[in-house]
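Position chains B and C relative to chain A; hints supplied.
Chains as they are written, first to last, in our numbering: chain A, 1 to 362; chain B, 1001 to 1368; chain C, 2001 to 2310.
Worth flagging that the hints you see were computed from the coordinates, not collected in a lab. Treat the hints with caution; some may be incorrect.
Said to hold, decoys possible - Derived, one-sided and incomplete: chain B residues facing chain A with beta-carbon distance under 10 Å:
| # | residue |
| --- | --- |
| 1 | Thr1056 |
| 2 | Phe1276 |
| 3 | Asp1313 |
| 4 | Gln1316 |
Claimed, not checked - Taking lysine-lysine pairs in the DSSO-like style, the calculated list, with each CA pair at most 27 Å apart, reads:
| # | chain 1 | residue 1 | chain 2 | residue 2 |
| --- | --- | --- | --- | --- |
| 5 | A | Lys310 | A | Lys328 |
| 6 | A | Lys183 | A | Lys155 |
| 7 | A | Lys310 | A | Lys288 |
| 8 | C | Lys2304 | B | Lys1004 |
| 9 | A | Lys328 | A | Lys187 |
| 10 | C | Lys2118 | A | Lys235 |
| 11 | B | Lys1243 | C | Lys2118 |
| 12 | C | Lys2304 | B | Lys1007 |
| 13 | B | Lys1170 | A | Lys335 |
| 14 | B | Lys1170 | A | Lys128 |
| 15 | B | Lys1170 | A | Lys110 |
| 16 | B | Lys1170 | A | Lys113 |
Beta carbons are placed, not taken as given, at the ideal position from N, Cα and C, and that holds for glycine.
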Amino acid sequence: MNMNRRRFIQASATTAIAAALPLIHSPAYADTPLKVGYVYVGPVNDGGWNTAHEAARQQMLKELGDKVTSTYVASVNEGPDSERVFRDLANQGCGLIFGTSFGYMDSLMKVAKDFPNIKFEMCTGFKKAPNVANYNIRFHEGRSVIGTIAGMLTKTNVGGYLATFPVPEVVSGINSFQLSAQKVNPKFRTKVIWINTWFDPAKEADAARALIDQGCDVMTQHTDSPAAVQVCESKGIPTFGQGADQSKFAPTMCKTSTEDQWGPFYISAAKDVLAGTWKNTDEYWGMKEGAIQMAPITNVPDNVKAAGDKIIAGWKDGSYNVYAGPIKDQKGNVKVAEGSSLSFDDILGLNWLVDGVDGNMG
Amino acid sequence: MKLKLEKRPEPSRLMLYASPVGAVIVTMIVGAIIFSIIGYDGLGAVYQVFIAPVATSYKWSDVAIKASPLILIGVGLAVGNRAAIWNIGAEGQYVVGALAGAGIGLLTQNATGPWILPLMILAGIIGGAIWGAIPAWLRTSFNVNETLSSLMLTYVAIHLMNYLVTGPWKDPTGFSFPQTPLVTADQTLPIIIPGTQIHLGVAITLVIAVVMWLLMTRSVFGFQIRVVGSAPQAARHGGFSHKQTVWLAFLLSGGMAGLAGIFEVCGPFSQISLGFPQNYGFTAIIVAFLGRLNPLGVILAGIVLAITYVGGDMAQSALQLPNASKGIFQAMMLFFLLASDILVRYRLRLVRRAPAAVSATVPERSAA
Amino acid sequence: MSLDYLIAVLITVVGASTPILFAGLGELVAEKSGVLNLGVEGMMLIGAIAAFATVDQLGNPWLAVVAAAAAGAAVSMIFAVLTLSLSANQVATGLALTIFGTGLSTLIGNNFTGRAIKTFEPLFPAALASNPIGRVVFGYSPLVYFSFIMVALVAWFLRGTRAGLILRAVGENDLSAHSIGYSVTGVRYAAVAFGGAMAGIGGATFPLVLTPLWAEGLTGGRGWIAIALVVFAGWRPVWLLAGAYFFGLLSTFELYAKASGASWTSILPSEAWAALPYLATVVVLAVISASKQAGGNAPACLGKPFIPSA
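The shape of chain A in the complex, shown without the other chains:
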């Protein structure tokens, strides 16, 4: 019984303090360092998606020095778990919180409603609120460099694409790969396998093998582990890394990798909050803004490297757009007419595959 009473008193005291906390932490962040919270969907050393976010967080810390402090929570499941973590970060006094997986969107929106003074940034999301902004990278720009190289290197004219679930980001990657490859190689086709799991390296490896055995002589993937990249190295199939430089897993076969650079955006968002100029506009950055860059293109003939570099330059100066019309879907319908191009909203909600892709949507 003593235990209960002691606990009760302690709990009441804690409640009183917790209730007072919001009053102590006033929204004037100018004098105290801005606390920035990050929520990651996987481990920070996965060598891909989460590693890139963590590296960017470190860049922000370095750039902004003692104006910010920061913390992160990793391997957080989407759903109520993430809601709890967002609330926790909010209660700890964060002024800016980043959610780095699309699965967090609805949980983040719920918490954002309860903490109107805190700014929330949702990665690859789309819902709107006064204190919520979405941010994203134009991954298709990177995929088009890969597609161009693949289109030039292939001899069988069939490229393999290992995909997980048919979410727009993945679909856009496939479409961009195919479109850019067929621009340099009109006979190019892409075979897609959906492995329907976010994480199973052995299955990824088997799926890569299946694609290769089916005649794909270039491969790329949109998975969370480098398993497929390793299979390609062992079979001598040119491949490409994703999220970060994965050439250490395939020293001769990994021709380049897309490297997600969230750093410039994180720095910019934190600066805006510090200066009080933060707005809830959605940001969709690409090569021009330095949000995505390619690892050096290696182990390919000079003309292939030159072609790849040209695509990169083309995105930066606006002369290249893989999504410029005409674009047909798999049934032959013209989805984008000549002279126009897919809008950002279209790309963000892409749910159809272009002509030249073999495989259904999931």
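Using the frame of chain A, we list chains B and C on its own:
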């Protein structure tokens, strides 16, 4: 002089209730030591994982909503396990229950009225029960080991969920994200404690747990379950059909798991997405055992496990303690509990060299 | 469908089947002695990280196999002490072991994520494996050949040796075996350790043969398949080999069917194909369990604690 295990004349009630508590405490001590050795702040880790969620009042809500599905599924499993029926497929029944309820939800998206939520809940129970009926049928008709069949069906259930969520049930306004539409206001479980996330499902779970306890201790059904589990021969003589017990156990635990699933859909999740399965069905097995297969004990055990989940997050953000530490603490609690189990039926005695003429009882064939 | 293609498929199937074959063999022996150890997934993960860490640090894949076996056996001892010496419930203890093994392997593995390792040098000279037929026979990782050897060894042990007879006796009627003078607990400890070692090697197959990397949860639930396979196989090693390959074939089939883009594969959604191996297992279990003659019954003492009279 040696340590000998001597059978107690009857199981020690003290040890029965003390051992789970002891297991938790020993876990805290051993955990602190181990994590200190591998380079983390051991005491801090234990504090964050076990104490902080209790000491921080705004965390109670999190603990409650995390504990609710664990308790609900755990109670169902506890009943089955008492009858020596091992339902390892609760996770699959949870998912199918959620799907069944969500399906009704999709059909009634544009309707309003107070009848929608109860209908979804009913569908959830039935969905889970049906998924639990399959292993029951396989066991009673083909003698298939229910542990294996229920487990295999879990994978099938998850694939079914993936298909529905990425295909026919995807939110058409949702930018192709693999998730169902959000539940409507009429389909949401009301919050019963304002200012928290504690929803009606939490209260219903507690009521069900108490009801199941009454049922297990005071009804013929409860008696049947316990006798079938501990003395199958006697059960047959008493007219209790094993087959019927298998059906009852699976329908009950399946239904409860399904109910937990639909509560999550109409409560914390507000939809079904690819990340919906949270392994509650497996964690609930630990909860059932830690609660000594007694519905009231399951309530406490569910709260303890929920505390470790919530505390695990807190330890991560406060100390950068790795996420995997949660599983280690949870497993340790179960290990220590199972280790101390024997002290309920046996006591340690220091005996001298003389051969001990211990009770020559017929060895038990208990599976508990 | 060229010969090359079929052989490529076969090689992938062999790769997919080997880990569950190892783990299944170990569990089979443990269950033959009367112990039901559901901790296979946890032990496989421990074996996988032990193997990865060994190769990463010491560079020797053979040593890694030994390390994996030792680690798997060591961690199985937690289970053994709890269930054999302290009469704890085997189902619960096995589950706790799975959770523990998963968490521990992740914790240790945190230091090793994002690294790549070298695996086995080919066992046979490259010339032997240069033509298609040669590849089918000679083109596998040493662990694959080892798995076949183990099937034969286990089958011979159980049927043709005295020790195997004792083990089976302990599993069928522990009281009689005890009264004859055999140490039931001792035999079971050994069987559980063997099960742990084999599960460890099964887990090691992932980084050493299939995907030379570490990631948390690398085994992707194969441990549970291995447990099902033992029942599937009626507790007979040679049937276990068939079952493991059947399962491997089904899993691989799904991927190859999708890759081939053949239109008939789209009659079912892709998730249905993914679920197929599990459904097939349930169906086969039903057929086997219903027929009492097929494949031999479960060891009579499976899952029950041994409590001798004084």
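Here is how each hint holds up against the structure:
1. Thr1056: holds, 6 Å
2. Phe1276: Status holds, d = 7 Å.
3. Asp1313: Since chain A brings a Cβ to about 6 Å from aspartate 1313 of chain B, closer than 10 Å, the hint holds.
4. Gln1316: Holds, about 5 Å.
5. A:Lys310 / A:Lys328: holds, 25 Å
6. A:Lys183 / A:Lys155: This hinted pair holds, its Cα atoms lying about 16 Å apart.
7. A:Lys310 / A:Lys288: The given pair, whose Cα atoms are some 14 Å apart, holds under the 27 Å limit.
8. C:Lys2304 / B:Lys1004: holds, 22 Å
9. A:Lys328 / A:Lys187: holds, 15 Å
10. C:Lys2118 / A:Lys235: Satisfied, since the Cα-Cα distance of roughly 15 Å is no more than 27 Å.
11. B:Lys1243 / C:Lys2118: Violated, because 54 Å separates the two Cα atoms, which is more than 27 Å.
12. C:Lys2304 / B:Lys1007: With Cα atoms ~18 Å apart, lysine 2304 of chain C and lysine 1007 of chain B stay inside 27 Å; holds.
13. B:Lys1170 / A:Lys335: holds, 22 Å
14. B:Lys1170 / A:Lys128: holds, 20 Å
15. B:Lys1170 / A:Lys110: holds, 20 Å
16. B:Lys1170 / A:Lys113: holds, 25 Å
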